[in-house]
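Colleague: Chain by chain, the residues run as shown.
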Amino acid sequence: MANFRTKADPQRYTFEGFGSDKYPNLMLRGAGDLNNWPMKTYVDQHEGYVALKQALKMEPVAVTEEVKTSGIRGRGGAGFPAGLKWSFMPKDTVDRKFTRYVVCNADEGEPGTFKDRAILEYNPHQLIEGMIIAGFAMQCQTGFIYVRGEFLWLIEKLEFAIQEAKDAGYLGKDILGTGWDYELIVHRGAGAYICGEETALLNSLEGRRGEPRVKPPFPAAKGAFGQPTTINNVETLAAVPPIIRMGGAEYAKIGLPKNSGTRVFCLSGHIKRPGLYELPLGLPLDFIMNDLAGGSSTGKKIKCVIPGGASAPVFSEKEFGTLMDFDSVRNAGSMAGSGGVIFLDEDTCMVQACLRLIRFYAHESCGQCTPCREGCNWMEMILNRIEHGQGKMEDLDLLASITPNIAGKTLCALGDAACGPMDSMLQKFRPEFEHHITHKTCMVNGHRLLANVGAH
Amino acid sequence: MNHPLPPETADHALATGERLPKSERSDFSPESIAEIQAIAAKYPDKLAATLPALHIAQRDFGFVSLDAMKAVARALSIPEGHVFGVASFYTMYQKKPVGKFHLQICTNISCALNGGAEFLEKVCAKTGCTPGSGPSADGMWSVEEAECLASCGSAPCMQVNADVYDEFIDDTKLNGILEACKRGEYRAFAY
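Chains Z and B, in that order, give the protein sequences. All residue numbers for the first sequence refer to our numbering, where the first residue is 17 and numbers rise by one. All residue numbers for the second sequence refer to our numbering, where the first residue is 1350 and numbers rise by one.
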């Protein structure tokens, strides 16, 4: 047997009131219990494969309609309605039969996000069930699960779970007597953040360098191996079984209109009770921060929150009342992204935080588009010299002038992702940058975010 | 406050006349070739097996040497240049030998907020390694600064080879892990 994790996971998966009608538990059932993942537990305790049997009795188009009705939006970052994405897949015509693929994006690399890992660890069957339903709805031939290379032990577990599903007759030829054949293949990445971008992921899946492709053609027209492909995040696909089980209309009642359902928020940073919180969309940020997660862990005030993974523009104190759903966060000038919420207390030097983030983007830029490749590196160099006390006042204007030349001028969103934190931090915490230039040291005295040893 | 030094780029380009290190092996075993071809058969296109084949190469060769890349190209009948391009793009393919225990430490924002930077320094001091610059003198350790390992809620976090994944690390826990490695309780580097 493979090398499954036997050591308990120190993560927090629950909070007071979780699992009640107000805070339904759809995604994190049994999370934290290492014996939760086998098929038997999933079937016996978590209504496993009920939705699949239900879906296979429906017309494929009706399944897509159900997902459309639920209004679920992609949980990976862009928040695009999943049902709509599914309906873009071309249907077979009399003179043309398509080979269609569905791809699960489990290349979880966004700093501050760790939800997909929990789903893969504790509920791999929920993802597999979601993949089968998605495959059926779009009449796909094969499903690929692209898992980041670091999660080797999760890949072994996933492969074991897929074998279980195969033995039960949920995968393979003529699934449950429908005459439909479907296979799942797990593909292991090799450590590249950019492969979380859908077209880069497709290139990586095809065995190429993970460089994003020019769009259009979009993956629904020409995706993996040149065939129509739909790519969804782990959380989106794992939400499909609950949607089918409870019905799209019922699921749409959770959360807010146009922002329906629950989502798994990943809380980290200076917060008393970090961990995964599955919450209906549309709860205020300060409620999540203070009432659910217990406020700051250091006793200092929280001065800045990154609301949707490292790529999202930051919130300062006056935006802490924002409702945490896709549209409200966007209207507040940021993005809900991947659901990774990072809290920074007032002792955190924003120049260091900014440099740390930009260094990440400079390192992970694939190098294909000049604005991102050069721009991110220049931002890193300029921030570096500010951080080391060699900055000039003009540097701030220079930084502000670089971002408009990156954002929107690249093939994928990595360039925009780097501009988000850069612009917002500079705008909202400009005095800290100025202090760094004039006093050659941080305005606040606290945590050190950068190591004194060489970087990669 | 304490300012960090400018980062030294450990991953420098090769100097004139410098070659990538050579591995002991120069080809796959027949079993590995069969394994690679079985993987290739699963995909609609054999090129898709490049990444899995390179993982197998790393397991068999110890690291992805030029010979390993050539062996992958031969096993799949694909151009050597393509394999080199792929191998050099992804950071998990080690192009130089690493220690018996390869320690990856996340220093990204969530870990950094909880002491990831100091933690990296501590690990370097204990093992005598510099991040990204090859194994320690005794060949036991190598240290790499990794980007987000998806353990943000329980930071700081360290991954030892591919097997062990540890969170909320303090001094006692770190010593425990290093001791366990020395006792041979964990598998040696082979992804």
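Since the hints were made in silico from the structure, they are not lab data. Here the structure is a predicted model, which means the values were calculated and not measured. Watch out, some of these pointers could steer you wrong.
[Unchecked claim] Just so you have them, the derived chain B footprint on chain Z, three or more residues with Cβ under 8 Å:
1. 21–28
2. 126–140
3. 165–178
4. 195–206
5. 217–223
6. 282–290
Yeah, the Cβ is synthetic: ideal placement off N, Cα and C, and Gly gets one too.
Colleague: If you check each hint against the structure, which ones fail?
Modeller: Violated: none.
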